[in-house]
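S.K.: These are the residues of each chain, in order.
Number of protein chains: 2
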Amino acid sequence: MPGNDSQWFTEACKEGGSAFSLMIREKLHDEQSKYQRIEVYATETFGNLMVIDGFVMLTARDNFLYHEMMSHPALFTHPDPRRIVIIGGGDCGTLREVLKHEEVAHALQVEIDERVTRISEQHFPELCVSNDDPRAEFFFGDGIQWMRDASDASVDVIIIDSTDPIGPAEGLFTEAFYLECQRVLGEHGVLVQQSESPLYHMGIINPMRKAMQRAGFSDIQTLFFPQPVYPSGWWSATMAGKQELATAFRAAAAKNKPFPTEYYNAAIHHAASTAPEFFHRALD
Amino acid sequence: MPGNDSQWFTEACKEGGSAFSLMIREKLHDEQSKYQRIEVYATETFGNLMVIDGFVMLTARDNFLYHEMMSHPALFTHPDPRRIVIIGGGDCGTLREVLKHEEVAHALQVEIDERVTRISEQHFPELCVSNDDPRAEFFFGDGIQWMRDASDASVDVIIIDSTDPIGPAEGLFTEAFYLECQRVLGEHGVLVQQSESPLYHMGIINPMRKAMQRAGFSDIQTLFFPQPVYPSGWWSATMAGKQELATAFRAAAAKNKPFPTEYYNAAIHHAASTAPEFFHRALD
Chain A
1 MPGNDSQWFT EACKEGGSAF SLMIREKLHD EQSKYQRIEV YATETFGNLM VIDGFVMLTA
61 RDNFLYHEMM SHPALFTHPD PRRIVIIGGG DCGTLREVLK HEEVAHALQV EIDERVTRIS
121 EQHFPELCVS NDDPRAEFFF GDGIQWMRDA SDASVDVIII DSTDPIGPAE GLFTEAFYLE
181 CQRVLGEHGV LVQQSESPLY HMGIINPMRK AMQRAGFSDI QTLFFPQPVY PSGWWSATMA
241 GKQELATAFR AAAAKNKPFP TEYYNAAIHH AASTAPEFFH RALD
Chain B
1 MPGNDSQWFT EACKEGGSAF SLMIREKLHD EQSKYQRIEV YATETFGNLM VIDGFVMLTA
61 RDNFLYHEMM SHPALFTHPD PRRIVIIGGG DCGTLREVLK HEEVAHALQV EIDERVTRIS
121 EQHFPELCVS NDDPRAEFFF GDGIQWMRDA SDASVDVIII DSTDPIGPAE GLFTEAFYLE
181 CQRVLGEHGV LVQQSESPLY HMGIINPMRK AMQRAGFSDI QTLFFPQPVY PSGWWSATMA
241 GKQELATAFR AAAAKNKPFP TEYYNAAIHH AASTAPEFFH RALD
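Keeping their order, the protein sequence lines are chains A and B. Numbering follows my numbering, in which position 169 of the first sequence is assigned residue number 169; successive positions increment by one, without gaps. Numbering follows my numbering, in which position 69 of the second sequence is assigned residue number 69; successive positions increment by one, without gaps.
Chain A on its own, in the form it takes in the complex (with noise of 0.2 Å):
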């Protein structure tokens, strides 16, 4: 398989048949936490590169995808997104994107493993630069059980970026997750998560989409964007709504939002929602 040298750094995806590498300059960083192998690497084109257990979490270059898919369209789907809580997200780029919807009164991140959150603030300085808005809040513990102690109806959107449904992520791809996340919610309650390649995790994909029928939602529609440095560079995101999403999504504020994005914009939004021919079929 491809090497991993003092050049470059390689992620083989065994269920994808592909690898993909990055040009390194140097790595930076390397310890073991309680839950994980946190590395940084400075790549040549990419900026910094944070790995977890050899998976490739993010680079600075492209790492805007990503986020911004993760947390605009979610929160331009909820009428009043105020109060918002990350399970996972440690690096804390979609907490940035959070807080700069002003509606948002309180975003809470829960991430197991503080090492992600100090090693990012030290790394990856540019996502982390709204860790001191007074809205944000950091717990260190873990998501399913923050959830299940989580009062009804708290919380208006939910944004569960993990990493891969194998090992410690696991449990937020269940229906008895998704049975927490429903109760937890309010009336016009959002939930979105990441979904995986639709090219190679179709096998994901949908049981989590049945999964999130059967506890309570009444509409889900998955987002396509290109995430260059995960397995295939094609990802999506899954949203799971209480009510119809795409007449729930507030175009008129999208189109009109006060702050910049690289890549999400309110056509973004309805051309993220469209799914592939082969998509379509692959759920009948």
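Read the hints as simulated data drawn from the structure, not as lab findings. Cβ atoms here follow ideal geometry from the backbone N, Cα and C, with glycine treated the same way. It is possible that part of the hints are untrue.
Said to hold, decoys possible - A short, non-exhaustive set of chain B residues, derived as facing chain A with CB atoms under 7 Å:
| # | residue |
| --- | --- |
| 1 | 211 |
| 2 | 222 |
| 3 | 271 |
| 4 | 277 |
Said to hold, decoys possible - Below, a sample of chain A positions facing chain B; criterion: calculated Cβ distance under 8 Å:
| # | residue |
| --- | --- |
| 5 | 6 |
| 6 | 20 |
| 7 | 40 |
| 8 | 43 |
| 9 | 62 |
| 10 | 226 |
| 11 | 232 |
| 12 | 234 |
| 13 | 253 |
| 14 | 259 |
| 15 | 261 |
| 16 | 263 |
| 17 | 265 |
| 18 | 268 |
| 19 | 274 |
| 20 | 276 |
As the list claims (entries may be wrong) - BS3-like, lysine-lysine: derived pairs with alpha carbons at most 27 Å apart:
| # | chain 1 | residue 1 | chain 2 | residue 2 |
| --- | --- | --- | --- | --- |
| 21 | A | 255 | A | 100 |
| 22 | B | 257 | B | 14 |
| 23 | B | 27 | A | 14 |
| 24 | B | 100 | A | 27 |
| 25 | B | 255 | B | 242 |
| 26 | A | 14 | A | 210 |
| 27 | B | 242 | B | 100 |
| 28 | B | 242 | B | 257 |
| 29 | A | 14 | B | 14 |
With the hints as your guide, set chain B onto chain A.
M.R.: Positioned in the frame of chain A, the structure of chain B alone reads:
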């Protein structure tokens, strides 16, 4: 850098600082044609893979993305696409998609290297299923010269399905070539050309769009789509038209298309035409 060994084929993208690898079973073909080195591998998960001069051309698994986006948007934008010319496209995948349109009376594939087509017939027979269609014609020769020799207003849609704008294909990305295309296209003529990665190659896309404008095309539209085996996994094609492209799009015909596709549909047409924020800014 990542290795090329008996288990992996790797293409490094120098300007992107990245590399993409596919797990391989065996090499099926390796020849030096008059123009280039052509290799075919059997991969573990992507079916057969064609490589030219070390660059991934296509795989059986994901070429549907590229071939559908190189053909259907342009054909559904022309009011009556009867006469089609494909410059390059020797693997015949674009030709196959073009011939799905019943209105097409004649589709000419102008490929410089006949060996690409012969090897495709052998190792990608599914792309060549329409090669015996009486509407299909093959000319093996230089695309730039062919365009110079072509009569005025003799073609409805020109599809430039070429390699990167380095080496032999460089002349296909110039104002001089677009001027010839403009002359050869009829009244409602549409041109479409592969235009590299939106993440890596804005330095190609921007000048290319400007050259099309200078050549007299009245509307330019870049289409965005995933393409896992090309650098960054995110690719583009750029359409140039003698009329406003969005209004010319035959949406009802696309919606009711009588042939199957894997990726393209009428909604995807709109979605692919939607530019990210950074792209709008880069064009300003």
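S.K.: Double-check residue 253(A) for me: the hint is only fine if its C-beta lies closer than 8 Å to a C-beta in chain B.
M.R.: violated (16 Å)
S.K.: Would the hint on residue 226(A) be counted as holding, given a Cβ-Cβ threshold of 8 Å to chain B?
M.R.: holds (4 Å)
S.K.: Are residue 257(B) and residue 14(B) close enough, with their CA atoms no more than 27 Å apart?
M.R.: Distance of about 40 Å is beyond 27 Å: violated.
S.K.: Is residue 242(B) close enough to residue 257(B), meaning Cα to Cα at most 27 Å?
M.R.: Distance ~24 Å between residue 242(B) and residue 257(B) Cα, so the pair holds.
S.K.: Next item in the hint list is residue 259(A). Is there a CB on chain B closer than 8 Å to its CB?
M.R.: violated (11 Å)
S.K.: Closer than 8 Å between Cβ atoms is the bar; does residue 43(A) clear it against chain B? Give me holds or violated.
M.R.: Residue 43(A) check passes; min Cβ-Cβ to chain B is 6 Å, inside 8 Å.
S.K.: Minimum Cβ distance from residue 232(A) to chain B below 8 Å?
M.R.: holds (4 Å)
S.K.: Just to be careful: measuring from the Cβ of residue 276(A) to every Cβ in chain B, is the smallest value less than 8 Å?
M.R.: holds (4 Å)
S.K.: Are residue 255(B) and residue 242(B) close enough, with their CA atoms no more than 27 Å apart?
M.R.: This hinted pair holds, its Cα atoms lying about 24 Å apart.
S.K.: Next pair to validate is residue 14(A) with residue 210(A); report whether the Cα-Cα distance is within 27 Å.
M.R.: Distance of about 25 Å is within 27 Å: holds.
S.K.: Tell me if residue 222(B) is really an interface residue toward chain A, meaning its C-beta lies closer than 7 Å to one of theirs.
M.R.: violated (13 Å)
S.K.: Under the criterion of a CB-CB separation shorter than 8 Å, is residue 274(A) in contact with chain B as hinted?
M.R.: Hint on residue 274(A): holds, closest Cβ of chain B at ~4 Å, below 8 Å.
Checked against the numbered hints above, the structure violates hints 1, 2, 5, 7, 13, 14, 22, 24; every other hint is satisfied.
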